[in-house]
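Q: Chains as they are written, first to last, in the working numbering: chain X, 1 to 350; chain Y, 1 to 350; chain F, 1 to 350; chain H, 1 to 350.
Worth flagging that the hints you see were computed from the coordinates, not collected in a lab.
Some hints could be false.
Remember, identical chains collapse to one label, so a pair may be satisfied in a single copy or spanning two.
Claimed, not checked - Mimicking DSSO-like on lysine-lysine, the simulated pairs with C-alpha atoms at most 30 Å apart in a straight line are:
hint, residue 1, residue 2
1, Lys269, Lys226
2, Lys105, Lys253
3, Lys252, Lys189
4, Lys281, Lys164
5, Lys269, Lys108
6, Lys108, Lys56
7, Lys92, Lys164
8, Lys189, Lys138
9, Lys35, Lys281
10, Lys253, Lys92
11, Lys164, Lys189
12, Lys269, Lys92
13, Lys281, Lys105
14, Lys164, Lys68
15, Lys281, Lys189
16, Lys115, Lys253
17, Lys256, Lys119
18, Lys281, Lys56
19, Lys281, Lys94
20, Lys226, Lys344
There are 4 protein chains.
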Amino acid sequence: MIRVGIIGATGYAGAEIARILLGHPEAEVVWYGSKSYVGEEFSNVFGSLFSIINDKCLDDNMEELADKVDVIFTATPQGLCASLINEEILNKVKVIDLSADFRLKDVKVYEEWYKIEHKAPEFIDEAVYGLCEINRDKIKGARLVANPGCYTTCSILTAYPLIKEGLIDPDTLIVDALSGVTGAGRGAKVANLFCEVNESCKPYGVASHRHTPEIEEQLGYAAGRKMVINFTPHLVPMNRGILATEYASLVKKDGKLPDSSDIRRAYEKYYGDEIFIRLLKDGVYPETRWVQSSNFVDIGFKNDERTGRIIMMGAIDNLIKGAAGQAVQNMNIMFGLNETAGLKLVPKCP
Amino acid sequence: MIRVGIIGATGYAGAEIARILLGHPEAEVVWYGSKSYVGEEFSNVFGSLFSIINDKCLDDNMEELADKVDVIFTATPQGLCASLINEEILNKVKVIDLSADFRLKDVKVYEEWYKIEHKAPEFIDEAVYGLCEINRDKIKGARLVANPGCYTTCSILTAYPLIKEGLIDPDTLIVDALSGVTGAGRGAKVANLFCEVNESCKPYGVASHRHTPEIEEQLGYAAGRKMVINFTPHLVPMNRGILATEYASLVKKDGKLPDSSDIRRAYEKYYGDEIFIRLLKDGVYPETRWVQSSNFVDIGFKNDERTGRIIMMGAIDNLIKGAAGQAVQNMNIMFGLNETAGLKLVPKCP
Amino acid sequence: MIRVGIIGATGYAGAEIARILLGHPEAEVVWYGSKSYVGEEFSNVFGSLFSIINDKCLDDNMEELADKVDVIFTATPQGLCASLINEEILNKVKVIDLSADFRLKDVKVYEEWYKIEHKAPEFIDEAVYGLCEINRDKIKGARLVANPGCYTTCSILTAYPLIKEGLIDPDTLIVDALSGVTGAGRGAKVANLFCEVNESCKPYGVASHRHTPEIEEQLGYAAGRKMVINFTPHLVPMNRGILATEYASLVKKDGKLPDSSDIRRAYEKYYGDEIFIRLLKDGVYPETRWVQSSNFVDIGFKNDERTGRIIMMGAIDNLIKGAAGQAVQNMNIMFGLNETAGLKLVPKCP
Amino acid sequence: MIRVGIIGATGYAGAEIARILLGHPEAEVVWYGSKSYVGEEFSNVFGSLFSIINDKCLDDNMEELADKVDVIFTATPQGLCASLINEEILNKVKVIDLSADFRLKDVKVYEEWYKIEHKAPEFIDEAVYGLCEINRDKIKGARLVANPGCYTTCSILTAYPLIKEGLIDPDTLIVDALSGVTGAGRGAKVANLFCEVNESCKPYGVASHRHTPEIEEQLGYAAGRKMVINFTPHLVPMNRGILATEYASLVKKDGKLPDSSDIRRAYEKYYGDEIFIRLLKDGVYPETRWVQSSNFVDIGFKNDERTGRIIMMGAIDNLIKGAAGQAVQNMNIMFGLNETAGLKLVPKCP
């Protein structure tokens, strides 16, 4: 049995890891770390888990934790993992960081977009970007995995095969994305109150959202060159879900634009065997409800011959494939378990 | 492997049975019956199940179905099950009816509240009311189980121990209940459109809702006499969940009113060993989100010494403990399986 | 032109007063008081009012304010108005307090239910309870009006005529109420985050909510004796609206229970000429959407002959008739204006 | 007093015209036309208007109506207005058609995108496209106004000044839009049920939505040439509101790209005096809640120097500026009234 510690267990992503691991055959949480609820019963915070999880919240002492567990998930704000981690810890346990601390290879880009100093740049190189379907092999041997952002996971996976195959022009990529409100976290902010969010939608972080360089870096690897994109997130009044609608100009090959079957072939080449990626039928587009409470990524596309652009659409549950589910998937890969262990979650709808 | 047929599989309750049984170790659905979608792929209707359920919808021929399966769930409008069932079918398969056809023992009461003629009154006596926690023993040998209504399940379980123990006056019982909109079904009605339901709440079926006689009959058995109650359902803008808030006057024993520990003792007497009933701590009251997507019933209470009344509160997921989950629980009991098989569902929140 | 100052203008109720007064022919806001946003433009907080209100937020100095305006609305937490008010202020301006500070005549009851010391008990006697339809005459000459609570307004008005006429037994009154989330205020609390409230409903303040003694006191005046009731509020996921469902046993007169027409007659006796109270037709029950963004109270009822109880139902917009609208209505009465000035708000639906 | 007839008064847009005209000083509705509710009281359908509108629904006989009113609003599905209208009617009354029948100048484009035959192509030329801020002068003398689509109004107004001034490349325009559910109408369809829409978002009509050619035609006039764009609508779970996020490449002038002040200058040139268009401050982006229940269009933008693209964002209330409000604004212009008559609606939030 793999012993698991969660730092930040009382946030939405941390609690979702706890919930998912209840159904995992080979892992169990032994440390529910929290900053605000130390000493309180975990199920006082998440009443849903009353009678199921009987533990109390502990603090976020990573050193102590490293002696007690096999893997640590840090589901905390940017900066915390980098400030706690060290070589000794990494020698003892595997770390899966759900914050952005180790996602970007260029520390300057990190410090510019996140406006904080990086406290452990020496581990950036070693850290593996945990986008499972793309980096599976590297994840296997990793000590430190940087779990991708929610928008990022959805945005990258939706465009990856077409970028990789050179079917679309990287310079034309525009990602327009919608997110449910759990993406904003569980902190007490006026902006996230029910009555501020309900019955409205809004763009935010326009041309400045922190997931932008992450998408650019990873898709840039696929493109084989530096990419600069537009990414616009929007907040919509629902608990969970991310929908990314992405636009790019198709690139002519042998004098003609790729058609729908060329595009489908590219998707199938990369995702045909992926259990968590569902390529939808022609004319079917993703809806966040179809992936809700699962680890699935649903992908659809429309080839618009009028404009020569492809519209790619992807949907995930932001707390699962966009956070906790992918983190568990990374754990499974790191520990040599069946990648789907604990993750055969059937979407719940409605 | 128990072979399962679902009549009405494309309604919310029917589809939920299908979804739950995907996680059941000893049962599998082999017949997805539908009236409106015959010949269509089931996952065209519920895109959430794309790549998971690959079957097409079949019709609702119960005779044919009886030859192919071990158990039939009828998740259909009132009257259909009674119009299809017969002795030959019941000799071949077990039937769990999610409609009201066999819930009320007095056919006149049925016809008066449902305004339809009962087509198979000869099976009413035999049918067992499938409120698992109360009628477990009778369900074991049953051929035909009448699965309780959603409001009913919640309302009865919340009050049952106090009625049974004589702690409250049956004549004073008032049940005020809130329901999510899946309770209204998946039919195309203006009244259930998003914009008619969203941002509003309303009472309906005031003093005339069909679950009233069902609650009265079952609680009447516990009281040992005929009961007449007030039951007021309200529609609230959420997908799932029922919350029942119930009021009753406490009854003096030996010259004094029962106190909170007397009340808790009564609940524990009946539910202490029940895995799906969670008695909440003092001062904690149920919230529908805490039971969402699980088979749990959460129960809390407040003894109001100022008024001499007890306020009992219960919450369920109307599609699970209020429909599909309880139906599967009944199946488990009828087939001698572990009662929790397929039902260890951890509530998802948010 | 009546000059208006609002203390607490950046809360939901305060901002709603500001919004309503934009359409008032004889009053204008000249002071937008705030604790958290002093110096900021009001429309930075409520973007809806961009280009409409160009003022900056000022502080909550009531002494200074008293020299500048004709009427002060205090839309602030309990205790603030009582701590600021004095004879000098009341000699200069009229005060309409939306907090509970002057609603309860018995200071001990206030201190017991609100758990704070009352700082200005000397004004309690003078203060007039501003339930316009009941206390219109007293409000006319008042210097200090205690604007009723949202639940209270709805609960009292729904039951008042039947209590007053002796048609129901006061000891049997049970008020079960649902509220939208604006009722919880605009403070940054985890419990009111979108994802904590959405897709759920819950009871709270069971047998202990602070509006209970307020309802009891006012209905007690109508009953001509002390009343003790059960009041259970519930939070439902919508922005606005209160729905009260109330139960009471009918009282026999001359050996028979009142029938529906007796009941309707009582309602018409008190509300027949009230422009803001709409008695719904038989069989029609209130829905919060029908009163949303108006000053209306919609009232319906059902006489349940089976149980001998009457079910009374009322709905209001909690921010309007339950707060800002009634406050303006009180202002109109106090200043001898047309009572409907600024309040001819047509409900918006959907 | 202008006498108004509404055909389709029981749909969301029709009812919103009725509601708005209640506050109009110089117009009154005398005919509430309906297909499904003939003979029923209008306030039975919209309970919000109980005690305010006491009329019954009449049929949709446009000939008869033409004798009784000064202006007819047709808020009906595509095809109906074209099938009813004739020269005689237009000689008697002005017609404002909220359907798409007269929006597109090329009847072939209409028939191709709408898949129906146009029954009155002879009036297409005469019809004026009622986008008030752009076509005010032509609307003045019109007999027949084609009221723009909801997505269209928002999409066009958001991009218009930059297209008109040649600041952006028309070939690069991409419109990604979100809509509340009232946009889907009040018909009884499973797809629009609360539980099918709630807690989800989805793209639809990808590269095929009928508002596409309308946007292309109108913006094409501004560009001075044919345009082909990408337009992707999404459904989000809220009652009202459209948010358009639009992307285009900036065009160099004199060797350099326009900067933010160039862009703001262009917006101010066209909208500086427009009372219903609010140009937001730098760094502020529209949110649908800020325009809800008003006739405003809120517009913001972000100049992304990294990509050389401008992101333009606009928000409207789809039922008001996107339908009923603009229709009334057109009526005001056609009849020489103050353009804002009845439309000084303050946004309500929350």
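Q: Looking at the structure, which of the earlier hints fail to hold?
A: Numbers 2, 3, 5, 6, 7, 8, 10, 11, 12, 13, 14, 16, 17, 19 and 20, in rising order.
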